[in-house]
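So the protein lines, in turn, are chains A and B. Reminder that position 245 of the first sequence reads as 245 in this note's numbering, one-by-one numbering, no gaps. Reminder that position 106 of the second sequence reads as 106 in this note's numbering, one-by-one numbering, no gaps.
These are calculated hints, taken from the structure and not from any lab test. Note that the coordinates shown come from a computational prediction; the quantities given were computed from them, not determined experimentally. Some hints could be false.
[Stated by the list, open to error] Which chain A residues face chain B? A few, computed with CB under 7 Å, are given here:
| # | residue |
| --- | --- |
| 1 | G28 |
| 2 | K29 |
| 3 | P31 |
| 4 | E34 |
| 5 | G48 |
| 6 | E123 |
| 7 | V152 |
| 8 | K156 |
[Stated by the list, open to error] The calculated lysine to aspartate or glutamate pairs, modelled on EDC-like cross-linking and capped at a C-alpha distance of 20 Å, are:
| # | chain 1 | residue 1 | chain 2 | residue 2 |
| --- | --- | --- | --- | --- |
| 9 | B | K78 | A | E214 |
| 10 | B | K79 | A | E137 |
| 11 | B | K125 | A | D118 |
| 12 | B | K78 | B | E99 |
| 13 | A | K156 | A | E173 |
| 14 | B | K78 | B | E124 |
| 15 | B | K74 | B | D62 |
| 16 | B | K97 | B | D38 |
| 17 | B | K79 | A | E59 |
| 18 | B | K125 | A | E34 |
| 19 | B | K79 | A | D118 |
| 20 | A | K156 | A | E214 |
| 21 | B | K125 | A | E59 |
| 22 | B | K74 | B | E124 |
| 23 | B | K79 | A | E214 |
| 24 | B | K125 | A | E123 |
| 25 | A | K130 | B | D88 |
| 26 | B | K79 | B | E43 |
| 27 | B | K125 | A | E214 |
| 28 | B | K78 | A | E123 |
Heads up, the beta-carbon is just placed ideally off N, CA and C, and yes, glycines get one too.
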Amino acid sequence: MSDALFEALLRLGDNTLVLGHRVSEWCGKAPVLEEDIALANTALDLIGQTQMWLGYAAEVEGAGRTADDLAMLRDVWDFRNILMVERPNMDFGHTMMRQFLFDAYHRAALRGLSISTDPRVAEIAAKAVKEATYHLERSAETVIALGDGTQVSHDKMQAALDLLWPYVGEMFESDAVDAQISDAGIAPDPATLRGGWDTYVQGVMAEATLSIPEDSFAHRGGRTGARHTEHLGHMLTQMQWLQRAYPDATW
Amino acid sequence: MVRPDLQRIWGWLDEVPDPEIPVISVVDLGIIRDVTWDGDTLEVAITPTYSGCPATSIINLDVETALRDRGIGKIRLKKQLSPPWTTDWLTAKGAAKLEAYGISPPSPAGGPSRCPRCQSANVEKVSQFGSTPCKAHWRCLSCLEPFDYFKCI
Numbered sequence: 001m002s003d004a005l006f007e008a009l010l011r012l013g014d015n016t017l018v019l020g021h022r023v024s025e026w027c028g029k030a031p032v033l034e035e036d037i038a039l040a041n042t043a044l045d046l047i048g049q050t051q052m053w054l055g056y057a058a059e060v061e062g063a064g065r066t067a068d069d070l071a072m073l074r075d076v077w078d079f080r081n082i083l084m085v086e087r088p089n090m091d092f093g094h095t096m097m098r099q100f101l102f103d104a105y106h107r108a109a110l111r112g113l114s115i116s117t118d119p120r121v122a123e124i125a126a127k128a129v130k131e132a133t134y135h136l137e138r139s140a141e142t143v144i145a146l147g148d149g150t151q152v153s154h155d156k157m158q159a160a161l162d163l164l165w166p167y168v169g170e171m172f173e174s175d176a177v178d179a180q181i182s183d184a185g186i187a188p189d190p191a192t193l194r195g196g197w198d199t200y201v202q203g204v205m206a207e208a209t210l211s212i213p214e215d216s217f218a219h220r221g222g223r224t225g226a227r228h229t230e231h232l233g234h235m236l237t238q239m240q241w242l243q244r245a246y247p248d249a250t251w
Numbered sequence: 001m002v003r004p005d006l007q008r009i010w011g012w013l014d015e016v017p018d019p020e021i022p023v024i025s026v027v028d029l030g031i032i033r034d035v036t037w038d039g040d041t042l043e044v045a046i047t048p049t050y051s052g053c054p055a056t057s058i059i060n061l062d063v064e065t066a067l068r069d070r071g072i073g074k075i076r077l078k079k080q081l082s083p084p085w086t087t088d089w090l091t092a093k094g095a096a097k098l099e100a101y102g103i104s105p106p107s108p109a110g111g112p113s114r115c116p117r118c119q120s121a122n123v124e125k126v127s128q129f130g131s132t133p134c135k136a137h138w139r140c141l142s143c144l145e146p147f148d149y150f151k152c153i
């Protein structure tokens, strides 16, 4: 069980770590100051959640590693985040569409995790779900405002949705690890979250006057580590550079 | 060593300001969950407001320093996540002090009821986020001043 739990915790912590880092890349160059601050604060919440998930993962592993070791000293193939969060930010519309699709999934997953049979998982999720709910309020509002905005903003949001849709399926993929973890009551099986997510997202997209693509093809390989996109390695060269160049540096 | 009683210790902690909003204390903020003696070690349970809030480590340092200055030698700080902090943990005294300072206190309605400067109810949201993780950015349409609103979670 501890192997499966370690794997499940990496999936949670790597999602928030990689998305948190991506979102932080906007710091200092977002379209307007308020959005810059909002993105930086969202990133901060995600990194805070990462410390809790990876901190617990390191304890469960029991190999003397810390949350920082897991974040800064693993290579691409050891990351367990979904592919969607490692995609480059592209434009602001793409960033906010990705945030919305993830936030809606994240809130549903954390709600399920907050009643986990594992008390540590439950308390971390109970803390994080409040932040995820707040993020979702903003990302949903932004997707609606831009989708149902000008012709230019509408077209950009539709293009973002078309581009991101093939990355949605991986969020709800289940494998042997998920089966073991959900049987033990530690986390909900991701596949069970799909129905509620679809209903919610369809409502927001209708309000945003955006069309959900019909093709249900899904890229996969991130949460198993089998096949990440080429983007993750490039991101890690930035994120991990300091610890790689100056091992064990602290300040 | 004489162990100061817990009520006095709570009083001392009520003099430790929040590092980012110094007008309220860490007790007003509702993040001190428990203070207990374990033998001659004082254990203080602290809960974070937002999970990534950078003030957390400064708060720990300030709490420890304040207790040490009062002569308590053995201190153990414990991070307590559950039940998670919400704005309901903010004391009424803290909410009043926030408003006097110009920060609109959290309201269950999801937004400030009035401008903390001119009391006008004619206010609008500028951004859901603000200068610290715990605040959002609003504006008064009567006196035209921007102000911080303590987010309600």
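Okay, the hints, checked on the actual structure:
{"no.": "1", "hint": "G28", "verdict": "15 Å, violated"}
{"no.": "2", "hint": "K29", "verdict": "16 Å, violated"}
{"no.": "3", "hint": "P31", "verdict": "12 Å, violated"}
{"no.": "4", "hint": "E34", "verdict": "4 Å, holds"}
{"no.": "5", "hint": "G48", "verdict": "3 Å, holds"}
{"no.": "6", "hint": "E123", "verdict": "4 Å, holds"}
{"no.": "7", "hint": "V152", "verdict": "22 Å, violated"}
{"no.": "8", "hint": "K156", "verdict": "21 Å, violated"}
{"no.": "9", "hint": "B:K78 to A:E214", "verdict": "51 Å, violated"}
{"no.": "10", "hint": "B:K79 to A:E137", "verdict": "28 Å, violated"}
{"no.": "11", "hint": "B:K125 to A:D118", "verdict": "39 Å, violated"}
{"no.": "12", "hint": "B:K78 to B:E99", "verdict": "30 Å, violated"}
{"no.": "13", "hint": "A:K156 to A:E173", "verdict": "28 Å, violated"}
{"no.": "14", "hint": "B:K78 to B:E124", "verdict": "39 Å, violated"}
{"no.": "15", "hint": "B:K74 to B:D62", "verdict": "15 Å, holds"}
{"no.": "16", "hint": "B:K97 to B:D38", "verdict": "34 Å, violated"}
{"no.": "17", "hint": "B:K79 to A:E59", "verdict": "16 Å, holds"}
{"no.": "18", "hint": "B:K125 to A:E34", "verdict": "11 Å, holds"}
{"no.": "19", "hint": "B:K79 to A:D118", "verdict": "18 Å, holds"}
{"no.": "20", "hint": "A:K156 to A:E214", "verdict": "18 Å, holds"}
{"no.": "21", "hint": "B:K125 to A:E59", "verdict": "42 Å, violated"}
{"no.": "22", "hint": "B:K74 to B:E124", "verdict": "49 Å, violated"}
{"no.": "23", "hint": "B:K79 to A:E214", "verdict": "47 Å, violated"}
{"no.": "24", "hint": "B:K125 to A:E123", "verdict": "31 Å, violated"}
{"no.": "25", "hint": "A:K130 to B:D88", "verdict": "13 Å, holds"}
{"no.": "26", "hint": "B:K79 to B:E43", "verdict": "11 Å, holds"}
{"no.": "27", "hint": "B:K125 to A:E214", "verdict": "36 Å, violated"}
{"no.": "28", "hint": "B:K78 to A:E123", "verdict": "15 Å, holds"}
Of the numbered hints listed earlier, those contradicted by the structure are 1, 2, 3, 7, 8, 9, 10, 11, 12, 13, 14, 16, 21, 22, 23, 24, 27.
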